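A.B. asks: Heads up: the protein sequence lines correspond to chains A and B, in order. Each residue of the first sequence is one higher than the one before, starting from 158 at the first, in this note's numbering. Each residue of the second sequence is one higher than the one before, starting from 158 at the first, in this note's numbering.
All clues given are correct.
The list treats identical chains as one, so a pair stands whether inside a single copy or across any two.
The list that follows gives simulated cross-link-like pairs (lysine-lysine, DSBU-like), each with its CA atoms no further than 35 Å apart:
| hint | residue 1 | residue 2 |
| --- | --- | --- |
| 1 | Lys398 | Lys513 |
| 2 | Lys464 | Lys263 |
| 3 | Lys299 | Lys513 |
| 4 | Lys301 | Lys200 |
| 5 | Lys325 | Lys396 |
| 6 | Lys478 | Lys325 |
| 7 | Lys263 | Lys329 |
| 8 | Lys329 | Lys254 |
Hints are computed from structural coordinates only; laboratory data are not their basis. Note that the structure is predicted; figures quoted are calculated from it, not measured.
Number of protein chains: 2
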Amino acid sequence: MKDGGVFPVLQNDLLLRAARGERVEQVPVWLMRQAGRYLPEFKEVFTAHDFFTICRTPELCCKLTLQPVDRFNLDAAIIFSDILMIPQALGMECVLKAGVGPCFNKPLTSREDVTRLASVSSVSSELECVYEAIRLTRHGLKGKVPLIGFAGAPWTLFCYMIEGAPSKTCAKAKRWLYTDRQLSDELLATLTEAVVEHLVKQVEAGCQMLQVFESNAELLTMEMFRSVSVPILRDIACKVKTRLHDRGLEQVPLSVYAKGAHHSLQVLASLGYDVVSVDWCVDPTIARDFIGCTIQGNLDPCALYAKPEDLSTMTVNMLEKFGVRRLIANLGHGVYPDTEPDNVACFIDTVHSHSKLMMSGEGDTCSLYT
Amino acid sequence: MKDGGVFPVLQNDLLLRAARGERVEQVPVWLMRQAGRYLPEFKEVFTAHDFFTICRTPELCCKLTLQPVDRFNLDAAIIFSDILMIPQALGMECVLKAGVGPCFNKPLTSREDVTRLASVSSVSSELECVYEAIRLTRHGLKGKVPLIGFAGAPWTLFCYMIEGAPSKTCAKAKRWLYTDRQLSDELLATLTEAVVEHLVKQVEAGCQMLQVFESNAELLTMEMFRSVSVPILRDIACKVKTRLHDRGLEQVPLSVYAKGAHHSLQVLASLGYDVVSVDWCVDPTIARDFIGCTIQGNLDPCALYAKPEDLSTMTVNMLEKFGVRRLIANLGHGVYPDTEPDNVACFIDTVHSHSKLMMSGEGDTCSLYT
Chain A
158 MKDGGVFPVL QNDLLLRAAR GERVEQVPVW LMRQAGRYLP EFKEVFTAHD
208 FFTICRTPEL CCKLTLQPVD RFNLDAAIIF SDILMIPQAL GMECVLKAGV
258 GPCFNKPLTS REDVTRLASV SSVSSELECV YEAIRLTRHG LKGKVPLIGF
308 AGAPWTLFCY MIEGAPSKTC AKAKRWLYTD RQLSDELLAT LTEAVVEHLV
358 KQVEAGCQML QVFESNAELL TMEMFRSVSV PILRDIACKV KTRLHDRGLE
408 QVPLSVYAKG AHHSLQVLAS LGYDVVSVDW CVDPTIARDF IGCTIQGNLD
458 PCALYAKPED LSTMTVNMLE KFGVRRLIAN LGHGVYPDTE PDNVACFIDT
508 VHSHSKLMMS GEGDTCSLYT
Chain B
158 MKDGGVFPVL QNDLLLRAAR GERVEQVPVW LMRQAGRYLP EFKEVFTAHD
208 FFTICRTPEL CCKLTLQPVD RFNLDAAIIF SDILMIPQAL GMECVLKAGV
258 GPCFNKPLTS REDVTRLASV SSVSSELECV YEAIRLTRHG LKGKVPLIGF
308 AGAPWTLFCY MIEGAPSKTC AKAKRWLYTD RQLSDELLAT LTEAVVEHLV
358 KQVEAGCQML QVFESNAELL TMEMFRSVSV PILRDIACKV KTRLHDRGLE
408 QVPLSVYAKG AHHSLQVLAS LGYDVVSVDW CVDPTIARDF IGCTIQGNLD
458 PCALYAKPED LSTMTVNMLE KFGVRRLIAN LGHGVYPDTE PDNVACFIDT
508 VHSHSKLMMS GEGDTCSLYT
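Isolated chain A, as found in the complex (with noise of 0.2 Å):
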C-alpha cells in the first residue's frame, strides 16, 4: 500500500546539509540505536512483545522510533527495525532468545541450504510492513527531523545466517570465505541484491538518509575487507543511487559504518558514500587525515556511563579533535542498555551547545575560510 500522501515539511535538515557538507549552525547529533532498552518507555513495549513481533507491527515500530525523538533534542530518527529482515525475508526463522541475541533456527550450513532461500524477488513484499512503518513514521515526526532508514551489509548478515547465533569470532563464516570462496560469492551476491533494494523501498517509502552497518568488518583481515566487504559496499551506493534515479526518487544521503576498518578509513571514504562513520577505536585526530568526506562519530558508548560533568568534557574533546565541519555527532556503536537516559540528553545538549560556540568563534577568527 502505497501512501500517496505528501509527508509534512522538514523543519530541522542540519543531518542532510552536514551529511552533504553544506554549512549547518550546529553539529547535529543522533545516537545509534537511540530508540532502545535504556528507555523505560521502550522497554514496556519491548517487555510486552516478542522483538521480531515489533519489527512486523508498524504502529509499534513507528512508536519507538519517534520515542527518543520525543524525549530529546535530536536531530534525527532512525526507522525501529533490525538487520535481520532481510535473511527473514529470504525465509530463515530467527528469534531473540534472552541473555544471547538473536538465533537462527536453522543456520546456513551448505549450498543446498543456500539454494532453498526465498527468491530475492519477494524480500521487498515480504518487508511491506518497514515500509508501512516509515511512511506512518513520517507522519508522526511531523517534520521534525529527517527519518534514516538502513539495513545490514551483506558480509554482516552471512555472518549471522552462518554462525545461527551471536559469536565473538564467526569462525564458521570466515570458514565458508577460506574454503568455499564461489558459495560465498554467490550468497553475498544474493544478499546484496536483496539490501539494494530495501534501501530504494525504504526512500521510496520516505526515508530521507540511509545507512549501512558493516558490524562484522572487524572480523575480517585487511585484504579479506578490501575482497569481500569493500566491493559489495561500493556496489550498494552505485546501485541504489541508480535505481533510485531510475524510478524517479530523489537521491538521499548515505552512511557506512565498517565497525573495526580502521586500516581502511581512506579507501571507505572513497565508495561512493556521503558519511563514514566510524567506531570509538578510531581516534577523531586519525579519522580526519583518512576520511575526506562527512564523518559521523564516534563517543565512547561506555562514556554514558560518567558522570554528567565528566562526559560533557569527553563529548567536548571530541569535538574539538574533529573539528565541526562535515561532522554529525553519534556514539561510536549503538547505546547500551544499562544508559542513564539524563546522560544521553547531556550529550546530545554539550554536542549543540559546544559546537555552537566553536562556529561563532570560526566566525570570528576564520572567517577567510568559510
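Using the hints, position chain B against chain A.
C.D. replies: Just chain B now, kept in the frame of chain A:
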C-alpha cells in the same frame, strides 16, 4: 621447591635470536594456543579433568605443553596455563563453563570486594604449581626449543574479574573506568604487582621468554588505551627487567600482544618490549611502518581452515609482506578448536621453507646489507 638442577642445553634458539633482532637462518614459528583442543591428544586430557585442575597439576601442564612440540616442528613451547590463574591466586573462584567460557562465582562489584582480595604477596606461593610445571617442562623439552611464560595484562584481568563471564563489550568493567577511576587504578596497581611477580617467578623457574597478553585492548578508545593500559605495560616491562637483575637472573626477551591496539603500534614498540605481537587485522605492511622492533604475528586463525595450497599461499604472502628479518611467525590470535592439525603443520613448514628461500635470495643479492 626450587629445582636447583641445570636444565638441558638449548638446541634451537631461533626464537630468542629473532626476538633480539639477531641473524637467523629461517623465521621461527609458534602458535598462540598451540596446546589446544584441536589436538586429539589434548582433548583426551581435557575431557578427563576439570580445566583449572589441569592448570594446577604440574605433570598435566607439562604433558600438554609438550604435545604440540612433539607433533610439530615448532620453534617454541609455551607453558600450559591460564591468564586467570592470577585472579584465582587473589582469592577469586573461577570455573570453565562448557560453551560459555571462564566464569567467576563472585565477580567484583564494589570497593569492598577489591579490599577482600588476597594479598599480592601470596600470589607467587599460590602459583607454585605453575613454576613446578615450568621446571618439569624444561626437563621434558630436553633443550629442543625455548619455553615461553606468560601473563594476562592487568586491564584484561580487570575485565574478567568485574564481568564474571565472557562479555563482548565488557561494559561493566568499562563502567568502573568511567565512573571510579581511583578505585580502578587501585585494582590495576594490585594486578600489575601480581603480574610482574608472576612473570619474574616464571623466569626463575625456567622460562626463556615472556609474553604479556592485553587481549582486551580492543575495547578501549585510543585515549583510554594510552592512559589506562600503556603506562602499566611500560611499568611491567621495566619492573620485570629490574627485578630479574636484582635477583641475579638472566634477562629474557619480552613480548607484548595488545589485540585491537591498531592505533598505538608505534607506542607499543616503545614500551621496553623486544617483540610486538599483532593481531590479524593489522596489515603486515602497516605493522612494519610503525614497529621498529621484532614483530610477531599474524595470520588469521581462520586461514588454517583453507586447503593446504591456499594456506601456503597466504603464509607466503604474509612472509613477503613482513619480510623475514625481525620476525616471529605466529597467528594473529589463538588456534581455534576446530582447526585441522595437518594445517598447523602446513603453516609451520611453509614459514620455515619459504623464509629460508627468502633469506637465501637475500644472501645472493643483498650481501651488502647483512
